[in-house]
Each structure stands twice: as structure tokens, then as C-alpha cells.
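Residue numbers (our numbering), protein chains in the order written: chain A, 1 to 165; chain B, 1 to 142.
Hints are computed from structural coordinates only; laboratory data are not their basis.
Please note that the accuracy of each hint is not assured.
Claimed, not checked - Interface residues of chain B toward chain A, partial, derived using beta-carbon atoms under 8 angstroms: (1) LEU18; (2) LEU37; (3) SER111.
C-beta atoms are modelled at their ideal positions from N, C-alpha and C, and glycine is treated no differently.
Listed here are the chains, written in short residue letters.
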Amino acid sequence: MRTAVAFGTGLVFALGLGLGGMTQPARIIGFLDVAGVWDPTLVFVLAGAVGSHMLAWLWIRRRRNPVFAYGFQIPRERLIDTRLVLGAVLFGVGWGIGGYCPGPAVTSVVSGQPVALAFVGAMLAGVALFDLTPLGSPRVRSPLPAEAGTAARPADEALSALTDA
Amino acid sequence: MTGATIASALLGGLLIGLSSSALLLFNGRIAGISGILGGVLRPMAGEWSWRIWFVAGLLAGGLVVYAVAPGAFAVAVHRSWPLLLAGGVLVGFGARLGSGCTSGHGVCGLSRWSARSWVATAVFTAAGGVTVFVLDHVLAGG
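Please construct the entire structure, taking both the sequences and the accompanying hints into account.
Structure (C-alpha cells):
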């Protein structure tokens, strides 16, 4: 069942991206281009997604367990650190260049367009590159030097069950 | 922007929200695409196959969209190849470093009122805005 849910949710996610226009990089660039002809499409997509998921979350959070699994894996990290901000800056620069974020990029592979294929190849290389750095190693829990001594942890390590008590 | 565009954008967003909600409700997992890709490339026991199936679902959904409306994948953005590739690497690396992307922080995190996600979303949107301004207005002379 978990497999079917994963496949089905991935499929619906892609339909939503396509219907919402998020697989068109020009729409993303148009949203980010506040000095040009601004394209607000992304705002409406985000409103629909966050609005519905926020309501669902209010209900889901009261459950002890998911329907087909034991424990929720929700990021529990609270610290706003250099790593979070620097990662978001790098991500934003790349997003502004290509107009693709990971979901739409992967979905666009099926179009076979060289731009989408090249972007996804480079993106996966970026993910793999991160895993090669000390920060990406699952064994390393140390924070960036600037935050030595704080409780910063890689997000993967911070994933924890809501209901682990 | 027409009313039809607004309606399909809202409906598209609703599908994304429903998908994220179903994955959380049934499997207890966050629909963060960069995290899912990271987990595909660096498998952890018991957490690999659902990620592969989610990506397969994304591709299947992409095929449906392509069959119905190939124009949904129009690129219409012109960047040099080296710049485009650099952008891809930055998106992949930055999403992993910042623990999320537009789906994990932008949809799932905002919905859970995660302060980290609100900060990340504000920062990457601002960084994207500055990048587009520099590329399309400063450097392009427009």
C-alpha cells in the first residue's frame, strides 16, 4: 500500500505542477522578475497548495500514526542557522537562472527537451556533490564552524517521529 | 492573467496540497522533492523504495500532462548552457544544504508554520528575484 500511495501521490503532484503552469520555467522567471512583466501564477499555485495542506495538517497532526506506517517523519529542527540561509541563497540563485525547482524539473524530463534534461542532470550532480562534502556525510553531525557548540544537526539526522514517546 | 489561468493555478496548487497531505496521512512522509531525490541517490534501509515510486509517479504524471498538453513543458527561457548547468548544480546543492526546496519548505513547511521554512522560502525567493534582476535587467541592459 505504501508503494501505491507513493506512486499515486507522485502522479497527482506532477499533475498539479503541470496544471498550475509550474513546469514552464518562463512562468517561474516571470514570478521572480518583479522589475519586468510580473507573472503571479506561482502565488495562486502556492495559495492552493499551502491552503489545502495547512488544513489537512491541522487534522493529521492529531493522529498518533500514519495509516500505513509507524510514526511520522517530520523535521523537528528549529534552529535558523547559516546552513539553512546559505542553502536557500544558493538554491534561489539556481532557481532564478533556470526557472526550475526540483519537482517541475524532474517532471519535465518526460518532455525530452535538452534544457530540462541538462538541468536535471546538473541538479542531480549538485545533490551528489553535496553528499561528497563533509556536510553531506551521514556520519558527520558537526555544524558549520560558525555555529560550533550549538545544536545544529543535518536535517536528515533531525528527522524524527512525532509520536516517538 | 485570465480567470482561467488563475483557476487552473489554484486547482494545480490544490492537487499539490492534496498529494502532500495524502503522503503524510498514509505514509507519514514529507513530500519534499529534493529530500526524496537525495534519498534516492543515497539509499537508507527501508526509505529507498517509496522514494523511487514517488519519482516514478512524478514521471508518470508528467507523461499524462505531456499527452494532454505538451505546451505545459514549454521552456521559453534562454540561458547559455554553462549558466544553465551551473543553475542546476546550485539548485541541487543548495536544496540539500538548506534542507529543502520549494516543495519541502515552500509547501509542506509553510503549511506546518515552520519558522525555518518561512525563512528559507523568503530567502530563496529573494535570491531568485535578485538573480533574475541581474541576469535580465542589469546584464541584459534591459
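**Report entry** Index of numbered hints that the structure contradicts, given in increasing order
**Finding:** Checked against the structure, no hint fails, so every one of them is satisfied.
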